[in-house]
Amino acid sequence: MPFIPVIGFLGTDYMKIRDDFKVVKDPYSGEDYVVVPPIIPDVAVIHGLKGDRFGGVTVLGARNDRLLATAARKTIAVIEDLVEPGEVLPGLQEVYVAPVHVDAVVVAPGGAHPTECPGRYEIDAGHIMTYLTAAKDEASFQNYLETYITGPADHEAYLEKVGFRPSEWK
Amino acid sequence: MGSSQTESFEKMIGAISRLLKNGEMVVTGTLSPLPAAGCLLAKHTHAPDLEPMLYGDPENRLSEGLHEFFGVAQKGKVDVFFLSGLQIDRQGSINLSVIGDYDHPKLRLPGGAGSAMLYSMSRRTILFTMTHTKKLFVPKVDFVNAAAFDGETRTPWRRGGLSHVVTPLCVMKFDEDRKRVVLDSLLPGVTLDQVVENTGFDLDVAGREIPVMEPLTEEEQSALRGPVLEKMRTIYPLVCRMIWG
Numbered sequence: 001m002p003f004i005p006v007i008g009f010l011g012t013d014y015m016k017i018r019d020d021f022k023v024v025k026d027p028y029s030g031e032d033y034v035v036v037p038p039i040i041p042d043v044a045v046i047h048g049l050k051g052d053r054f055g056g057v058t059v060l061g062a063r064n065d066r067l068l069a070t071a072a073r074k075t076i077a078v079i080e081d082l083v084e085p086g087e088v089l090p091g092l093q094e095v096y097v098a099p100v101h102v103d104a105v106v107v108a109p110g111g112a113h114p115t116e117c118p119g120r121y122e123i124d125a126g127h128i129m130t131y132l133t134a135a136k137d138e139a140s141f142q143n144y145l146e147t148y149i150t151g152p153a154d155h156e157a158y159l160e161k162v163g164f165r166p167s168e169w170k
Numbered sequence: 001m002g003s004s005q006t007e008s009f010e011k012m013i014g015a016i017s018r019l020l021k022n023g024e025m026v027v028t029g030t031l032s033p034l035p036a037a038g039c040l041l042a043k044h045t046h047a048p049d050l051e052p053m054l055y056g057d058p059e060n061r062l063s064e065g066l067h068e069f070f071g072v073a074q075k076g077k078v079d080v081f082f083l084s085g086l087q088i089d090r091q092g093s094i095n096l097s098v099i100g101d102y103d104h105p106k107l108r109l110p111g112g113a114g115s116a117m118l119y120s121m122s123r124r125t126i127l128f129t130m131t132h133t134k135k136l137f138v139p140k141v142d143f144v145n146a147a148a149f150d151g152e153t154r155t156p157w158r159r160g161g162l163s164h165v166v167t168p169l170c171v172m173k174f175d176e177d178r179k180r181v182v183l184d185s186l187l188p189g190v191t192l193d194q195v196v197e198n199t200g201f202d203l204d205v206a207g208r209e210i211p212v213m214e215p216l217t218e219e220e221q222s223a224l225r226g227p228v229l230e231k232m233r234t235i236y237p238l239v240c241r242m243i244w245g
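Going down the list, the protein sequences come from chains P and V.
1 is the number of the first residue of the first sequence in the working numbering; add one for each residue after it.
1 is the number of the first residue of the second sequence in the working numbering; add one for each residue after it.
Careful, some of the hints might be misleading.
Within a straight-line C-alpha distance of at most 25 Å, the following computed DSS-like cross-link-like pairs (lysine-lysine) qualify [what the hints assert, rightly or not]:
| hint | chain 1 | residue 1 | chain 2 | residue 2 |
| --- | --- | --- | --- | --- |
| 1 | V | Lys179 | P | Lys16 |
| 2 | V | Lys21 | P | Lys16 |
| 3 | V | Lys75 | V | Lys21 |
| 4 | V | Lys11 | V | Lys21 |
| 5 | P | Lys16 | V | Lys11 |
| 6 | V | Lys134 | P | Lys22 |
Stretch-level coverage of chain V by chain P, calculated; a stretch enters the list once three of its residues show a Cβ under 8 Å from a Cβ in chain P [stated by the list, open to error]:
| hint | region |
| --- | --- |
| 7 | 50-61 |
| 8 | 185-199 |
Derived by calculation from the structure, the hints in this document are not laboratory data.
Since the structure is predicted, the reported quantities are computational estimates derived from the model, not experimental observations.
Where a beta carbon is used, it is the ideal one built from N, C-alpha and C, also for glycine.
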C-alpha cells in the first residue's frame with residue numbers, strides 16, 4: 001500500500017515535525033484524515049521457538065513478527081529448535097510465519113538473550129542491568145561491547161560469557 | 001509483601017479498580033502492571049463481567065498479534081484504555097517523545113507508538129503514573145504525542161478522551177466543560193498540600209472539599225494479594241517479584 005490513514009494524529013505535535021504525514025480528504029465521508037507512508041525495513045530479524053529448514057516458523061503473536069516479516073525486504077528468522085515442517089505448529093500465543101516471507105533461518109538456542117523467549121526462558125534482568133549501567137557513558141559501553149559482543153568468538157561463547165546455560169532452560 | 005499495611009502501589013491499583021465499571025471492555029498495553037492489576041481486581045470484586053484484554057496475558061489468545069488490539073480499538077470495542085507519559089499537562093496531553101526542544105532535546109524518549117489513536121478511539125482513557133512531581137505534571141507538555149480532546153473543531157470520528165489520572169498521591173479527573181484536569185480525590189494518607197506542591201499546574205482546589213479515597217476493603221485486599229497477584233505473576237513475573245516479593 002502506498003500509504004495508510006492513521007487516526008488520532010490531528011491536534012498532536014507530530015504534524016509539526018513529520019512533513020511526510022499528510023492530511024487528505026476521505027473520498028467517501030469528506031472528512032480530513034492523516035495519512036502516513038509505509039515503513040519498509042531492509043532487514044527484519046525475528047525470533048521464534050520452532051522452525052523448519054524451509055523458513056516456516058512459529059513466533060509470538062504479540063510481537064507482530066509476522067507483520068515485520070511481511071513488511072521487510074529481507075527477513076532472517078532466528079529459532080530455538082529446528083524441527084520437521086509438519087511439526088511447526090503455533091502454540092496458543094503464537095502465529096505461523098510462512099516460508100515465503102523468510103529468507104534465512106538461523107538455529108541459535110538462547111538467541112533471544114538477554115530478552116525472554118516465552119515458554120523457554122525468562123528475561124535476564126541481571127544482564128539487562130549490566131547493559132543499562134554500561135550504556136551510561138562511552139567508555140563503559142565500549143568495554144561492554146568488547147566483553148560481550150566483539151570479544152566472544154561465537155554465540156555459544158557469548159552465552160558462556162554471560163553465564164546463561166542450557167540447564168536453566170525449560 | 002510481608003506486611004498487612006497497604007502499599008502505595010496497592011492503593012493505586014484499588015483506585016484504578018474502582019474507576020472501572022461492570023461489563024466494560026478494558027484493555028491494557030505494554031508496561032502497564034498497575035492497570036492490569038486494577039482490571040483483575042475489579043473483576044474479582046465489583047465488576048465480575050468486566051472484559052479484560054491484557055497485553056502479555058498468556059490466556060489471551062490473539063489470531064494475529066498486537067496490531068489486532070489496535071483494530072479492536074478502531075472498531076470501537078474498547079471502553080477503557082490506559083496511557084502514561086513522562087509529562088502530562090493540564091489539558092490532559094501526554095508526552096512520550098522528547099524533553100526540551102524537539103531538535104535539541106535534553107532527553108529523547110521512545111515515542112508515542114499508538115497512543116494518539118488509542119486516546120481518541122477508546123471510550124475513555126485513564127492516565128497513570130508511578131511518580132507525582134512538578135516535572136511530570138507540567139502546565140504544557142514539550143511535545144504532544146496524544147491529546148485528550150480535539151478542541152473546538154471536534155473530529156467527527158473521535159470516540160472519547162481523558163477520564164481520570166491516577167498517581168501515587170491522588171486521583172484527578174477531566175473536567176469536560178472546561179477541558180482541563182482537576183483534583184478528584186486524595187489517596188489515603190496523602191495531604192492536599194502534598195498534591196498541590198508536587199503538581200505544576202492549578203488543580204482547581206480552591207474552595208472545594210476534596211474527599212479522601214476509602215481505604216481498600218478487606219475483600220479488595222485479599223483479592224489483590226490472592227487471585228489477582230497469582231494471575232499477575234503469569235503476566236508480569238518480574239514486576240511482581242520486584243514489588244510484592
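Structure-based check of each hint:
Distance check on the hinted pair: V/Lys179 and P/Lys16 sit about 23 Å apart at the alpha-carbon level, within 25 Å; holds. Our distance criterion of 25 Å between C-alpha atoms is broken by V/Lys21 and P/Lys16, whose separation comes to about 38 Å. Pair hint V/Lys75 plus V/Lys21 holds up; C-alpha atoms about 20 Å apart against a cutoff of 25 Å. The suggested pairing of V/Lys11 with V/Lys21 holds, with an alpha-carbon distance near 18 Å, which does not exceed 25 Å.
For the hint linking P/Lys16 to V/Lys11, the alpha-carbon distance of about 39 Å lies beyond 25 Å, and the restraint is violated. About 35 Å separates the Cα atoms of V/Lys134 and P/Lys22, which puts this hinted pair outside 25 Å; it is violated. With 4 residues carrying a beta carbon less than 8 Å from a beta carbon of chain P, the region 50-61 of chain V meets the three-residue requirement, and the given coverage holds. Figure legend: the region 185-199 of chain V, annotated as covered by chain P; annotation inconsistent (0 residues with Cβ-Cβ distances under 8 Å, at least 3 required).
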